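*Asks:* So the chains spell out like this:
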Amino acid sequence: MSYIEVDRVSKSFGERVAMNKLSLHIERSERLVLFGPSGCGKTTVLRLLAGLEIPEQGSIRIDGRVVASAGKNLVPPEKRDLGMVFQDLALWPHMTVQQNLMFGLNARRVQKREAEARVREMLQRVGLEHRIDAKSHQLSGGEQQRVALARALVSRPSILLMDEPLSSLDDERKRAIASDLLGLQSQFGFTLIYVTHDRSEADMLASRVCQMRDGRVV
Amino acid sequence: MGRTVRTENIVLWLCIALVAIAGLVPIVVMAVESVRHNGHFTLDHYRELISSARFRPLFGNSIQLALATTTVCGLIGVPAGILFAKSDLSLRSGFMWLLTVPLVLPPYFVALGWARVVARIGTIASDWLFGFGGCVLVLSSVFLPITMLLTFASILNVDRRFEEAARLVSGWPGVLRRVTLPLSAPGIVFSIVLVFLLAMGELSVPSFLRYPTLPVLSFTQFAASYNFGAATAAAVPLAAIAFVGVLVESAFLRDRDYTFRSTGQTLFISLRHWKSPLAALTAALCFALVILPLSALFADAFSPAAMHEAMQRAGASVVRSVMYSAVAATILMALGFLLGHFMRGGRQRVLSAFTLALYTAQYCAVTTRLSLAGLMLIPTSLDEAGRLSGAMWARRLFRISIPLSTRTLVCAWLAAYILCLRDVPIALMTAPPGGDPLRARILTLMANGAPPMIASLCLIMAIASLIPLAILTRVIPSRGIIE
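Those protein sequences? They're chains P and D, same order as listed.
Residues in the first sequence are numbered from 1 upward in steps of one, following the numbering used here.
Residues in the second sequence are numbered from 1 upward in steps of one, following the numbering used here.
Just so you know, the hints here were simulated from the structure itself, not pulled from any lab data.
The reader is advised that the hints may include incorrect statements.
[To be verified] Restricting the straight-line Cα-Cα distance to at most 25 Å, the calculated cross-link-like pairs of lysine to aspartate or glutamate (DMTMM-like) are:
{"#": "1", "chain 1": "P", "residue 1": "Lys79", "chain 2": "P", "residue 2": "Asp133"}
{"#": "2", "chain 1": "P", "residue 1": "Lys79", "chain 2": "P", "residue 2": "Glu129"}
{"#": "3", "chain 1": "P", "residue 1": "Lys72", "chain 2": "D", "residue 2": "Asp88"}
{"#": "4", "chain 1": "P", "residue 1": "Lys112", "chain 2": "P", "residue 2": "Asp88"}
{"#": "5", "chain 1": "P", "residue 1": "Lys79", "chain 2": "P", "residue 2": "Glu164"}
{"#": "6", "chain 1": "P", "residue 1": "Lys21", "chain 2": "P", "residue 2": "Asp7"}
{"#": "7", "chain 1": "P", "residue 1": "Lys79", "chain 2": "D", "residue 2": "Glu249"}
{"#": "8", "chain 1": "P", "residue 1": "Lys72", "chain 2": "P", "residue 2": "Glu116"}
{"#": "9", "chain 1": "D", "residue 1": "Lys275", "chain 2": "P", "residue 2": "Glu116"}
{"#": "10", "chain 1": "P", "residue 1": "Lys135", "chain 2": "D", "residue 2": "Glu249"}
{"#": "11", "chain 1": "P", "residue 1": "Lys21", "chain 2": "P", "residue 2": "Glu164"}
{"#": "12", "chain 1": "P", "residue 1": "Lys174", "chain 2": "P", "residue 2": "Asp63"}
Quick caveat: nothing in here was measured; it's all calculated off a predicted structure.
Go ahead and model the full structure; you've got the sequences and the hints to work with.
*Replies:* Here it is as C-alpha cells:
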C-alpha cells in the first residue's frame with residue numbers, strides 16, 4: 001500500500017471537468033512533480049489532497065486512512081498533517097513573519113517556548129532570522145517565498161504541497177530556493193508534491209515526474 | 001503630463017472644497033454662533049449649558065444610548081454578518097435583506113410600530129418602551145444592518161487564499177479569530193464607529209420615545225426657543241465626541257489597508273447540526289426586530305379612506321422627497337467616487353486630513369468608502385497601462401475607471417438615495433414651511449393625525465424607500481462560495 005493513494009477521483013467546476021477518474025500513488029518521502037500545461041488539473045490535485053476541495057467521485061487515502069471519498073471530506077484540512085505553499089504564497093498581511101509561523105503552532109497547541117524555538121530554527125534554516133518582525137509587504141519576492149516555505153514546514157508536516165511557488169522568480173533565485181528545499185526535505189523527510197509547468201523546476205526537484213493533461217496522468 | 005497633473009489637482013481640490021463647505025463650514029459657523037451674543041464674543045451659552053442641571057444627565061444619556069446601541073449592534077450584527085457571508089444557513093439571503101428593512105426607513109417608523117405593539121400589551125410595556133430600553137431596542141434594530149452589512153461585505157472581500165492557508169493548520173474558530181476577522185477589521189470598526197456616531201446624533205427616536213438627550217435639547221433650543229447660540233453650544237459636545245470617534249477609527253486603521261488579489265469568493269463553513277437552531281434563532285430575530293413592529297405599524301394602513309386622506313395630506317411632499325434624495329444621491333455618488341478614486345491613486349495623505357469633513361458631510365463618507373472598496377478590486381495596472389498609452393487623467397477616469405465601476409456606482413447611488421430619503425433631522429432643520437419632504441411631514445402630522453392615516457403615510461414612504469432596496473438586492477451579487 002502506498003503512502004498516498006488517489007483512486008479514480010473526479011472533480012468538475014460547473015461545466016469544466018478539472019479531473020477525470022485520476023489515480024495516483026505516492027510513496028513516503030518521495031519527491032513527486034506534477035508537470036503539465038495550465039488548466040490541466042495540477043492545482044486541483046493539490047487542493048483535493050489538502051482538503052480544500054471535495055472529490056465528486058473516487059477516494060483519497062493518506063497513510064492508510066481514507067481522508068475523502070465521493071462528496072465527503074472525512075478528515076478536515078487541519079487534521080491531515082500537511083503543509084502547503086500557495087502559488088501567490090498567501091502570507092497573512094496583518095501578521096509579522098514570526099506571527100505567520102506561530103499561527104499553526106499555536107493552533108496545534110505547541111508550548112510557547114518550544115514554538116518560539118522552532119520558529120527561530122526554521123527562520124535560521126531559510127536565512128531569514130533577521131526579518132522575524134517584518135510584515136509580508138516589507139519583504140522582497142525571494143524572502144516572501146522563503147517565509148511561505150518556512151511557514152509550511154514549521155509544524156513539521158509529513159507532506160508538503162507546493163503550487164508553482166517559484167514561477168515568479170529568476171533562475172538564480174529558483175536554484176537557490178530549490179537547493180534549500182532539497183536540503184529541508186532530506187532533513188525532515190517529508191513527502192513533497194510539487195506542481196509546475198516549468199520543465200527545469202521539475203528536473204531540479206523531482207525523484208519522479210508525472211505528466212498531466214486534461215485532468216489525467218498521461 | 002503637466003496638463004494631466006493640473007486637471008487631476010484641480011478636480012481633487014474642488015472635491016475637497018465641496019466636502020469642506022458641506023462638512024466643515026457648518027461646524028465652524030456653529031462654533032462661532034455658540035460664542036456670539038448680540039454681535040459680541042461671549043461664553044455665556046457654554047456657561048449656561050454646563051451650569052444647567054440638565055446638561056450632565058443629557059450628555060450622559062446620549063453617551064449611554066450610543067454605547068448601548070453600538071454594543072447591541074456589534075454583538076448581533078457582526079456574528080450575523082459572518083453567518084450570512086460564510087455559512088450554509090438556510091434562507092440566509094432572505095434573512096439578511098429582511099433585517100436590512102429598518103435601515104432604509106426613517107428611524108421613527110420602528111418606534112411608531114413598537115408604540116402600536118405595546119399599546120396592545122399594557123402600561124408596563126409602554127413604560128419600558130418610552131425610555132432608555134425602548135430607545136436602545138429601536139435604534140439597535142435600525143442600525144443593526146450597518147454592522148451586519150459592512151461585516152458581510154468586508155468578509156466577502158477577504159482573499160480566500162489566506163483562509164485556505166490557515167485552514168491547513170487550524171479549525172474554523174481559529175481561522176475566523178486570527179485571519180478572517182483581523183483582515184475584515186477595517187470595515188467592521190468603521191461600521192461600529194458609524195453606528196456610535198449615528199446613535200449619538202439621533203433625534204427623532206429619543207424625541208418620540210421621550211428619552212432626553214443632547215440632540216433633543218439642541219433641536220428644542222433651535223426650533224422651539226429660537227435660541228441659536230444655546231442650540232449650537234449644546235451640539236458642540238456631540239461634535240467633539242464625533243471627532244474623537246473619527247480619530248480612534250483613523251488610529252486603528254493605520255497600517256491596516258489590505259489589498260486582496262482575489263475577492264468575492266469565500267470559503268464556507270458547514271453548520272451541520274447547528275443549521276436548524278441557528279435558522280430558528282435568526283427567524284426569531286427577524287420577527288422581533290422587523291416583522292412585529294412594522295406589521296403593527298402598517299396594520300391600519302390599507303383602508304381606502306385612510307389611504308385617500310394620506311394621499312391628500314402627502315401632496316407634493318412625496319415628489320419632493322424622491323427628487324431631493326435623487327439629486328443629493330447623484331452629487332454624493334459623484335463626489336464619493338472621485339474621492340475614492342483619488343484615495344486609490346495614492347492621494348490618501350491629502351484626503352486623510354479631511355476625514356472629519358467627510359464624516360461631518362455625513363453620507364459622503366459612505367459613498368467614498370463604498371467607491372473605494374469597489375475601486376480596490378480593480379488592478380492598478382489597468383490605469384497604469386492607460387497612462388503608458390498616453391491617456392490623460394480624465395480620459396482614464398471616464399474610459400477605464402468608471403466603466404469598470406458601474407456596479408459600484410449604482411450601489412453608491414442607491415445607498416446614498418436610501419440614506420437621504422430616510423434622513424429626518426436635516427429635513428426638519430432645512431425644509432421651508434409647506435416645502436417639507438414626506439418624512440418630516442409625517443413626523444409633524446403624528447401629533448394630531450388619525451393613526452390609520454399616519455399608517456398609510458408611513459406605507460407610502462416605505463414603498464418609496466423599499467423600491468431602491470429591492471433594486472439593490474438585484475445589483476449586489478450573491479456571494480460566491482468555494483466548497
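*Asks:* Please list, smallest to largest, the hint numbers that this structure does not respect.
*Replies:* 1, 2, 4, 7, 8, 9, 12
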